[in-house]
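Peer 1: Spelled out from the first residue to the last, the chains are:
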Amino acid sequence: MNRKQPRLRAQERENQRNGTLFALPWLLGFAIFIAYPLCASLYYSFCTYDAIRPARWVGLQNYQRLFFEDPLFWKSLSNTLYMVALGLPIGLVASLGIAMLLNQKVRGIALYRTLYYLPSITPVVATSILWMWLLNPEMGLVNLFLKRVGVANPPAWLTDPFWSKPALILMSLWGVGGGMVIYLAALKDVPEALYEAAALDGASRWSQFRHVTLPMISPVIFFNLIMGLIGSFQYFTQAFVMTNGGPQDSTTFYALHLFNKAFLDFKMGYASAMAWILFLITLVGALLVFRTSARWVYYGGEVK
Amino acid sequence: MKQRSPSLKLLAHLLLMGIGLLFALPFYWLVTTALKPDTQIFQMPPAWIPHPVMWNNYPKALHYIPFWLYTGNTLKICLFSVLGTLFSCSLVAYSLSKIRWRGRDLVFYSLLATMILPGQVTMIPTFTIFKWLGWIGTSLPLIVPAFFGSAFHIFLLRQFFMTLPNELSEAAKIDGCSEFGIYWRIVLPLSKSAMATVGLFTFISAWNDFLGPLLYLNDESSYTLSMGLQRFVSQHGAEWSMLMATSTVMTLPIIAIFFFAQRTFIQGTTLTGIKG
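Here the protein sequences line up with chains A and B, keeping their order. The first sequence begins at 1 in the working numbering and counts up one residue at a time. The second sequence begins at 1 in the working numbering and counts up one residue at a time.
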């Protein structure tokens, strides 16, 4: 600040003091639960550390081991990328599709909305237990249904390394309600006049969807995509409860491998290195989405 | 979307019903499996209606795990988290929307940035902090952070406070009302719906949380429902009726809350202002 500037007026000084004071919980929280842990975990990632004895500097050893001596690191990364590449788009499309259905003016819509939304707020542990039963190869409802419609040898789902991840994706479809209500709110805000104008110009239903609906709700698609991306990289509880990584490590996701390293093997330095790699991957993913967003996200109020 | 043909409307209706059935079926299976006698559970093809209806499974399940103890533990964490979150997030949101101060924008943008930070990055040092404080095995690590605010809820409340007109608070200021007085007596009473939304979301995420209790609660007497239920699976894997009964009982409060506060939920999603 320039010393020659006039003194802050009393009101401004008071605002400065009150503003900081009111924001104090977050400022402290940021320092204690974000800034410090961020620095500390970066430091630990270059150390051996078991949370009992003090951390000891080992340089790049953790990273070296991760990349060259831990096949499970690569396996867990590829498991996670599978969920990002397959589970995320399927979930995004399904939640948008259901939101479009719910945006109709038909009777009983409130009931349907409730029904579709409820699974997304059901406790994850309860959901996981329920789906372990539904996906049971012999007794489960899913395979019973598949046999009824003529599938002779339905998959063994959670006990088959090939089908375990698809099984988890299938289960996640039951919980698309969270993304769905966000889409629904956005769909309701698309001005009716735009559709009317498009219809007057002879636009088909598909091109109305393509050229009116999609651009108008693109900020919300962007939001759901970013949140889904971050969530997919941290996929943990379902795998922990339902399969604990198996069979044959087919559901050992990145966050699960990291947790096991940190809290079963107490290799906290190693796990910190994993956490930082996860952070960088998430960051690159988010940045890529942000970079492309200028091309496909349309903000109504934007002045170009 | 007005001039739809009747056949399209019928198709939409049929789809809604069909998918609705698929969404309802797991819930139906949850509740009915819990009411089946053991012999019926492994019956092929499965029975759609429990016979005889084993109401007894519920009281039995509540004794299998110390259900009331776990419920009490969970409720305690939920209530303190809600209190802490409402208190801290509203204060910070007020600062970020109603007071002009240097550094405010920086704080706001750093707050947004923290939302994409994976929890795994801060997990280990945070664990060490609580270990150093001697709080491992207590519920404090699950409660205390709430009093320092959460980025998402601060953001949500800030978006709401921005929509409140400044005239009222300026008038109050001229009448000699303090900043805290404006926050407490003008802004908060106008924000009941937004506060209710934040309270609900906090309650539900604390009720459903699993990773937090898994990290910090190592003593069985301090377990939450999520934790107790997961341990129950690993110990009694095949007792499906018991598992379904406890899962049902754990889910019921959430469904009850949803029905009482449906409006607040729907409002919440529009509140975030993410619509651009």
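Certain hints may be false.
As the list claims (entries may be wrong) - Straight-line C-alpha distance at most 27 Å; calculated DSSO-like pairs for lysine-lysine:
#: 1; chain 1: A; residue 1: Lys267; chain 2: A; residue 2: Lys105
#: 2; chain 1: B; residue 1: Lys131; chain 2: A; residue 2: Lys188
#: 3; chain 1: B; residue 1: Lys192; chain 2: B; residue 2: Lys76
#: 4; chain 1: B; residue 1: Lys60; chain 2: B; residue 2: Lys76
#: 5; chain 1: B; residue 1: Lys76; chain 2: A; residue 2: Lys267
#: 6; chain 1: B; residue 1: Lys173; chain 2: B; residue 2: Lys192
#: 7; chain 1: A; residue 1: Lys105; chain 2: B; residue 2: Lys131
#: 8; chain 1: B; residue 1: Lys192; chain 2: A; residue 2: Lys188
#: 9; chain 1: B; residue 1: Lys76; chain 2: B; residue 2: Lys131
#: 10; chain 1: A; residue 1: Lys105; chain 2: A; residue 2: Lys188
Derived from the structure by calculation, the hints contain no laboratory data. As the structure is a prediction and not an experimental result, all values here were calculated from the model.
Peer 1: Lys267/A and Lys105/A were given as a pair; does the straight-line alpha-carbon distance stay at or below 27 Å?
Peer 2: This hinted pair is violated, its Cα atoms lying about 56 Å apart.
Peer 1: Check whether the Cα positions of Lys105/A and Lys188/A lie no farther apart than 27 Å.
Peer 2: holds (11 Å)
Peer 1: Given the hinted pair Lys60/B and Lys76/B, is their Cα-Cα distance within 27 Å?
Peer 2: holds (24 Å)
Peer 1: Quickly compare the C-alpha distance for Lys173/B and Lys192/B to 27 Å and report which way the hint goes.
Peer 2: Answer holds: Lys173/B to Lys192/B is near 22 Å, not above 27 Å.
Peer 1: Keeping to a limit of 27 Å between CA atoms, is the pair of Lys76/B and Lys131/B held or broken?
Peer 2: Satisfied, since the Cα-Cα distance of roughly 21 Å is no more than 27 Å.
Peer 1: Take the C-alpha atoms of Lys131/B and Lys188/A, compute the straight-line distance between them, and say whether it is at most 27 Å.
Peer 2: Violated, at roughly 48 Å.
Peer 1: Does Lys188/A sit within 27 Å of Lys192/B, going by the straight-line distance between their CA atoms?
Peer 2: holds (24 Å)
Peer 1: Take the C-alpha atoms of Lys192/B and Lys76/B, compute the straight-line distance between them, and say whether it is at most 27 Å.
Peer 2: Given pair Lys192/B, Lys76/B holds - Cα atoms ~23 Å apart, limit 27 Å.
Peer 1: Holds or violated: Lys76/B with Lys267/A, Cα cutoff 27 Å?
Peer 2: violated (32 Å)
Peer 1: Would the hint linking Lys105/A and Lys131/B be met if the CA-CA limit is 27 Å?
Peer 2: violated (55 Å)
Violation of the numbered hints given earlier is confined to hints 1, 2, 5 and 7; the remaining hints are satisfied by the structure.
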